[in-house]
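2 protein chains.
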Amino acid sequence: MKIAMAQMEVIPGHPDQNTEKILSMIEQAKAEHADLIIFPEMSVPGYLLGDTWEQSSYLRDCEDYGRDIIAAAQGITVIFGNIAVDWSKKNNDGRVRKYNACFIAQNGKLVQPAGMPYPYIIKTLMPNYREFDDTRHFFSLQKLARELGKTTTEMLEPVTVKMCGRDWRIGCLLCEDGWSDNYEIAPLEQIARHQPIDFYVNISSSPYTLGKNDKRNRVFSAQAKEAGAPLFYVNAIGLQNNGKTIYTFDGSSTAYSGQGNICAVSPEYEEDLCCLDLEALNTMPALPVDNEPEIAHIYRALHYGTKHFLENIRMKRVVIGISGGIDSAVAAALYTDILGPENVLLVNMPSVFNSQTTRGLSLQLAQNLGCQYMVIPIQEAVDHTVKQLTTTPMTLWKDGSTSHLQVSSFVLENIQARDRSSRVLAGAAAAFGAGFTCNANKAETTVGYSTLYGDQSGFLAALADLWKHQVYALAYYFNEHVFGREVVPQGIIDIVPSAELSNAQNVDEGKGDPIKYPYHDYLFRSFVERWQKAAPEDILTWYSEGTLEENLGCAPGLVKQYFPTAKDFIADLERWWNLFCGMAIAKRIQAPPVLAVSRRAYGFDHREAQNGPYYTRRYKQLKAKLLAE
Amino acid sequence: MKIAMAQMEVIPGHPDQNTEKILSMIEQAKAEHADLIIFPEMSVPGYLLGDTWEQSSYLRDCEDYGRDIIAAAQGITVIFGNIAVDWSKKNNDGRVRKYNACFIAQNGKLVQPAGMPYPYIIKTLMPNYREFDDTRHFFSLQKLARELGKTTTEMLEPVTVKMCGRDWRIGCLLCEDGWSDNYEIAPLEQIARHQPIDFYVNISSSPYTLGKNDKRNRVFSAQAKEAGAPLFYVNAIGLQNNGKTIYTFDGSSTAYSGQGNICAVSPEYEEDLCCLDLEALNTMPALPVDNEPEIAHIYRALHYGTKHFLENIRMKRVVIGISGGIDSAVAAALYTDILGPENVLLVNMPSVFNSQTTRGLSLQLAQNLGCQYMVIPIQEAVDHTVKQLTTTPMTLWKDGSTSHLQVSSFVLENIQARDRSSRVLAGAAAAFGAGFTCNANKAETTVGYSTLYGDQSGFLAALADLWKHQVYALAYYFNEHVFGREVVPQGIIDIVPSAELSNAQNVDEGKGDPIKYPYHDYLFRSFVERWQKAAPEDILTWYSEGTLEENLGCAPGLVKQYFPTAKDFIADLERWWNLFCGMAIAKRIQAPPVLAVSRRAYGFDHREAQNGPYYTRRYKQLKAKLLAE
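If you read the sequences in order, they're chains A and B. Taking my numbering, I'd label the letters of the first sequence as residues 17 to 645. Taking my numbering, I'd label the letters of the second sequence as residues 17 to 645.
Treat the hints loosely; a few may be bogus.
[What the hints assert, rightly or not] Which residues of chain A face chain B? A partial, calculated answer using Cβ under 8 Å: (1) Ile354; (2) Pro357; (3) Met390; (4) Thr407; (5) Met410; (6) Asp554; (7) Pro580; (8) Ala607.
Hints listed in this document are in silico derivations from the structure and should not be mistaken for laboratory results. C-beta: ideal position from N, C-alpha, C; glycine also.
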């Protein structure tokens, strides 16, 4: 019995292309004499489609292509994921009933799973956290069981399939069904009650998250071992998005033996047809555990995600504003790695506030990468804008009086930032047949330390799910592992991070950003990425208990070093919390899409409302106590 | 027995302010000798909070304020909505268990509802469509029943409360519990099985949608009549948002008699304590049905929503770029109505392509409204940008070769649009201590007929949920009903809509937008607002059947007038569908927040992925057939 795990690229919203791929992989598997081929969850329609699920014509089209796949199941058994529609019933939103389903086809027909009222298996558990909206669109097996007056245990039976002259009993799960820790039922355990079971299949559509594969291996190894039967986890590769947040799918399809060993793993981010002899599985050696550093995984996700995003929107060239700082330098390295130096135009846009140091570093970066390079000074345009704004009379027609606008130094900072992005870069990008990039990191994005329509803009924020320390780690990774030479100049790594928008941010005098990254990276992370999100009450509690650095995960001693007194500490905390809940949300609403790598990315993954900052009663009490001490 | 419906403004994310309001309304109700006061759903925490529900400190704080309200229930019975937390249990996402709950307090203590395992009533039905994400955060009564091995019927009993010396049996529902048409159970019917019931209460947090109140009156009148008992619907007023989409809450709290008559309605968008004598309810006359035109409701929602949004972000002044076209003129009227003319700066920014006609109309608009007014020409800045881009050498450092960028007429159009918004308006707004507005309508927004960082930008898109014909209707409404004189000049209403970014858009020659609003408004609406969303397959099917205009709801005869042949029709359809699914999504991702009034607004209400356009197999077949005819 030969099983083929078909780790295919699923293109969301394009059932025609996905079906073509499925049909070709079926042929390939047949050529390799596979008896069974397994495709990922939602391999026909794709998974992250927004509200496209509300288009009836799209649903009919997916059903139609599904029939082509069923017809092609000749001389091989095919397991695949697709949307299943019951046109006679309704979802709770009043729209047509839709199931996230697993189909098993053989001899041009569907195999009827025992326990199910339809000729397919229905997903039981519906993820509804982070970027997942399953409950919005799909009717779960739990709801169906309740509607039919049955229990899920009755409905969750193994499917009996005749292959190689005998009956095989397969436990079929869809993605979240294998992650049942926090649900009231565990589908795998329910199925396991109906012994014997020859093996389990988990068809998935599981986006990449840093560290998730380690956890999945622990969970699924234990499941296979507990069940005493092999488990085939088949995941898609590709790029899917929810508009604001873009996810890579790394595949990493894995075969677990009945002893819980990892016997085979398909490579990350590559299409792969992995053929395995079921009988040989239990004697195969366990594969060594992945011990690559985190930054290698991040690099791979960013490279794959950015490359595919560019391909999807048919963008072959980019323009990058480079300041001589770390974020734009790493962005330049990333895009040059993907598109080649001739397709990357780096633009340095000095004003009177930009030092010779950063101008020189910008040129050096361009030379190291071999890119296209231009210097377009902005001072003349900025001066013209200030002159127009301040000398044009403003008439109040109510009474005919006139006055003039004034431009403060803060207003001037933002005029510079917008001039660079919306005037120069956007114009240069259009002329170069390109898009321009947003080079923001996650720390800046958290507190909106950026200018809207200025450095906050661009077609993609490829680095916006990386904390500043990860951006530095990536710079080293590009130099050491990707290019094998210093492309990001050491001077850029060493210089103080600064926006250089005023004399107060003079890098040659060591002046720079108000964000102290070694501490704030970790403080901000606790606002967004912690399991139960941290808020000022938690932070101040930890501070008062002396456990703050431990809870945040930053280096010990920093808090005392940066904030001599409780008053300093509280002022800093409130400054950033006010921004995080205030202006930064307004900016994120209009920010470019973010490429997700962390356990919680901005956009659709971390949902937020423009409600302004809030401080709890306990926070206020604790603050009063600390300030009185 | 005197019942007070407390239609309060709920401020999302600010339990301290909400509790203060609740406590003051309790005092007011006591002064009016009410026996029972009813507050809206989630009146302590607010409802649309994004993922703030994941902050433990926020949950604790809401519990804490809830205790204050319970303590204040002395000499009066208080029904209020709050988040309820079971710290010992988990939601399906592994986070702490949260219920959307209704509390009844009396004599400083909670009344235990029969059937419930907690001292509060748990919401049964969880809306998970449009902007609603209830399932993401709240554990439903259905799930709890399953966990406890009970049925929802057992748990849904009326609550017995002693008031005025006798026991009253109250059926308590939370918002969606009263909208059970598409769910497998109807909570009101479940409760009604446990007779006798004296009256029903539905505490709601229900955002305004055009036409929703008519439907609610039909549904709730029928429920009260069917149950033969009065029903008190108490809704919040205020402004809540999901980041990208902003909702007004209109209140419109309503008392229905046991005959299904509407006996009392609190005014839209006003705080109101409506005290009613329960016994007198059945003899009160039915109120006349609302027969205001749609545009009056739209005006009220926009005025309230925009005014409150400005207050929330503490913005007292705005800058509006006015072109002499209808959208910016209506925006100018709206903001002047709200802020007064001295706080609204209108800026006209002509280039060589702008006609004397529109320049004159802009001035006339400013004079009619009495606003602040400036004319800042952009030609010099645009010329400088083009010169910099085209004369600065671009060096390819890979080989040292140099070349120059070219600026096409299309690139030049976008340079103008960005120059106006990101350079002039953003600068002027910062100098004026203001934000600048986005004046986009829904038709433009649908197909991205706008420039990113140009006319697509601003702090709020107040008109972006209005189709072009609604913008015109609003112009008339401002002139006739709000200002009572012509503030939007008739010339602006009459002129052809045009961007005036090139000679091809010369208004004096009658040339303008490629969007034919009398048809495209309705075509685009079918993509977004239809119950099952229309896609090209549906459109082409209707076209071939001759039922298109009827299905879209536009004027008959338009299709033949605009598109003499099937080829013309299909080219137009694909042009806009490609934009709707392509570049327009990229633009919407970075667009300002939208004020929602329709049944489906852009943003969090209509979720979308940047997956590119798709045409189904049936569409392609039908197209081939039509083109062959």
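Okay, the hints, checked on the actual structure:
1. With a cut of 8 Å, the hint placing A:Ile354 at the interface with chain B is violated, because the nearest CB-to-CB distance is about 15 Å.
2. The restraint placing A:Pro357 at the interface with chain B holds, with a minimum CB-CB distance near 5 Å, inside the 8 Å limit.
3. At about 5 Å, the closest approach between the beta carbon of A:Met390 and any beta carbon in chain B falls short of 8 Å, and the interface hint on this residue holds.
4. Taken as an interface hint, A:Thr407 does not check out: its beta carbon lies about 10 Å from the nearest beta carbon of chain B, beyond 8 Å.
5. Restraint check, A:Met410 versus chain B: the minimum CB separation of about 5 Å is within 8 Å; hint holds.
6. Checking A:Asp554 against chain B by beta carbon gives a least distance of about 6 Å; that is within 8 Å, so the hint holds.
7. For A:Pro580, the interface hint is violated, since its Cβ never comes within 8 Å of a Cβ in chain B; the closest pair sits about 26 Å apart.
8. Interface restraint check for A:Ala607: the shortest CB-CB distance to chain B comes to about 7 Å, inside 8 Å, so the restraint holds.
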